[in-house]
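As given, the protein sequences belong to chains A and B, one line each in that order. Take 1 as the starting number for the first sequence in full-length UniProt numbering and just add one per residue. Take 1 as the starting number for the second sequence in full-length UniProt numbering and just add one per residue.
There's no promise every hint is true.
One copy or two, either will do: identical chains are not told apart, so a pair holds if it fits within one copy or between any two.
[What the hints assert, rightly or not] Think about it this way: if two alpha-carbon atoms lie no more than 35 angstroms apart in a straight line, the pair counts; the simulated DSBU-like pairs of lysine-lysine are:
| # | residue 1 | residue 2 |
| --- | --- | --- |
| 1 | K31 | K78 |
| 2 | K57 | K31 |
| 3 | K57 | K30 |
| 4 | K78 | K28 |
| 5 | K28 | K57 |
| 6 | K25 | K78 |
| 7 | K30 | K78 |
Worth flagging that the hints you see were computed from the coordinates, not collected in a lab.
There are 2 protein chains.
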Amino acid sequence: MNLEELIGISAGIFTTIAVLPQIHKAVKTKKIEDVSPTMFVILCLGVGLWTIYGILKMDWPIIITNSISFILNGIMLKIVWFQGNNK
Amino acid sequence: MNLEELIGISAGIFTTIAVLPQIHKAVKTKKIEDVSPTMFVILCLGVGLWTIYGILKMDWPIIITNSISFILNGIMLKIVWFQGNNK
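Bound-form chain A, shown alone:
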C-alpha cells in the first residue's frame, strides 16, 4: 500500500465514521431538535454520487468509504425523521 492509498483510506475512514458520534448522541439523548435533517438529505445524495464517481474511476478508497458513509448517513436521516415525526 503506497502513501496515496493510505491517505485515501484514512480520509475515507474519518469522513465515514464522522457521523457516528452524532448517531450515538441522538440515540442516547433522544434529542435531535437542533440537528438539521436537510444536511443529512444532501449528505446522502453527495456520498451516493461519490460512490458512483469511484465506480467510474475504479477508485477503491472512494467506493468503499462512500458506500458505508451512505448507509450511516441514511441511518442518521432515519433517526432525525423518525424522532422528528414523533413530536
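Please build the complex by placing chain B on the supplied structure of chain A, with the hints as guidance.
Just chain B, lined up with the frame of chain A:
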C-alpha cells in the same frame, strides 16, 4: 467535461454544501445542544486528508470540493465550540 467529471463535481458540491443548512440552523436558533462537536472535528480531519489525497492524485473535483468543505466544517466547528462554551 465528461460524465465522470460531472458526477465528481456534483458529488463534491452536495457534500460541500451539506453543512450549510446546519450552519444556518445553528446561527438562526442559537441552539446547538443536540449537535455533536466530535462529528465536526472528525469531518474536518477527514476532508483535510481528502484534499491531500486529491493533490497527490491531481484530481481537481476532490481538491476543490474538499478544501471548501474543510472551511465550512471548520466554521460549524467554531460555532459549536463557541456557543457550547458560552453556556
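Each hint tested on the structure:
1. Proximity of K31 to K78 under the C-alpha cut-off of 35 angstroms is found in both arrangements, the shortest distances being 14 angstroms within a copy and 21 angstroms between copies.
2. Proximity of K57 to K31 under the C-alpha cut-off of 35 angstroms is found in neither arrangement, the shortest distances being 40 angstroms within a copy and 41 angstroms between copies.
3. Proximity of K57 to K30 under the C-alpha cut-off of 35 angstroms is found in neither arrangement, the shortest distances being 40 angstroms within a copy and 42 angstroms between copies.
4. With identical chains, the CA atoms of K78 and K28 are at most 35 angstroms apart both within one copy (15 angstroms) and between copies (24 angstroms).
5. Proximity of K28 and K57 under a CA criterion of 35 angstroms is satisfied in neither setting, with 39 angstroms inside one chain copy and 40 angstroms between copies.
6. In the homo-oligomer, the alpha carbons of K25 and K78 lie at most 35 angstroms apart both inside one protomer (14 angstroms) and across protomers (19 angstroms), since each shortest distance falls under that limit.
7. With identical chains, the CA atoms of K30 and K78 are at most 35 angstroms apart both within one copy (13 angstroms) and between copies (24 angstroms).
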